[in-house]
Amino acid sequence: MNVLDGTGWSLQSLTSGPWIYAAVTTSILLDVFLPVLPSGILVVTAATAASAASASAAGALGTAGAAPGVPYAPALLPLLLCAASASVLGDLAAYRLARRGGESRLGRAVARSRRLSAAQERLGETLERGGGLLVVLARFAPAGRSVVSLGAGATGRRLRDFLPWSALAAAIWATYGVGLGWLGGRWLGATWLGACVPVLALFLAGSLAAYVIRRPAAAPAPAG
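Residue numbers (my numbering): 130 to 353.
Heads up, a few of these hints could be off.
As the list claims (entries may be wrong) - Using C-beta positions, here's what the derived DEER-type ranges look like:
hint, residue 1, residue 2, range
1, P164, R289, 21 to 29 Å
2, Y340, P147, 35 to 43 Å
3, L206, P167, 16 to 24 Å
4, L163, V341, 34 to 42 Å
5, L206, G285, 34 to 42 Å
6, G285, R315, 41 to 49 Å
7, G285, L333, 30 to 38 Å
8, R343, P207, 15 to 23 Å
9, P207, G285, 31 to 39 Å
10, L322, R287, 39 to 47 Å
11, V165, R225, 36 to 44 Å
No wet-lab data here; the hints were simulated from the structure. Cβ coordinates follow ideal geometry from the N, Cα and C atoms, glycine included.
I would like the entire structure built from these sequences, with the hints used as guidance.
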């Protein structure tokens with residue numbers, strides 16, 4: 130029996146053609162400007178279906194040979210590359226946009242929000258110290274990618290300080306999402322449960338990242 134049979138219209142249609150790569154790429158490119166887009170969910174769900182389909186195909190080859198009529202499913206490595214590349218390109222587009230024309234307008238918008246102001250201030254301090262853990266954590270936090278990318282451009286942070294950490298964040302985020310989908314597809318198959326469990330793990334990582342970012346910095350130890 131085909132592993133994708135009976136999994137529901139949405140999950141099956143998601144893997145019905147190579148357009149899934151374009152959908153993943155477009156969603157990730159745009160969600161730096163529209164954080165409500167479910168790019169992470171799309172990556173995890175596509176990876177779940179890809180993992181389950183590859184396991185099913187391997188089983189068919191080991192028994193009776195390749196079965197005809199197996200629905201198309203994305204491959205994991207191209208999916209990983211699409212997700213990571215689109216994340217970096219989206220960050221760069223947001224950075225350039227804020228750097229070129231959004232500095233004053235974005236600055237006024239950030240000034241009206243204590244939360245964004247605090248995040249932007251912490252970003253600047255972190256990049257100036259040569260560290261970029263905040264950039265990596267923000268990639269998992271809700272809307273964190275937007276705050277970091279737009280804030281880095283609007284405050285004039287150097288691209289050479291920001292881009293390497295953006296690339297690292299993209300690689301870790303994409304690997305985590307595709308890895309979750311791979312595990313879900315291998316353990317639970319291309320079912321709603323197989324997709325929902327990895328998505329839940331993705332949300333938990335986002336909540337943890339948001340908590341760490343919001344946590345106040347430790348006070349310096351008294352001298353002597």
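We went through each hint and held it up to the structure:
1. Judged by the Cβ atoms, the range 21 to 29 Å given for P164 and R289 holds: they are separated by roughly 26 Å.
2. The supplied range of 35 to 43 Å is met by Y340 and P147, whose beta-carbon atoms lie about 38 Å from each other.
3. Look at L206 against P167: about 22 Å separates their beta carbons, and that is inside 16 to 24 Å.
4. Between L163 and V341, the C-beta spacing of about 24 Å breaks the proposed range 34 to 42 Å.
5. For L206 and G285, the hinted distance range of 34 to 42 Å is satisfied, since their beta carbons lie about 37 Å from each other.
6. Evaluation of the 41 to 49 Å hint for G285 and R315 yields a pass: the beta carbon distance comes to about 46 Å.
7. Range check, G285 to L333: Cβ separation about 35 Å, and the 30 to 38 Å hint holds.
8. In this structure the hint that R343 and P207 lie 15 to 23 Å apart at CB is violated, the actual value being about 35 Å.
9. The given range of 31 to 39 Å is respected by P207 and G285, whose C-beta atoms sit roughly 36 Å from each other.
10. For the pair L322 and R287, the beta carbons lie near 46 Å from each other, so the given range of 39 to 47 Å is met.
11. Take V165 and R225: their Cβ atoms lie about 22 Å apart, and the range 36 to 44 Å is violated.
Consistency note: the structure conflicts with the earlier hints numbered 4, 8, 11.
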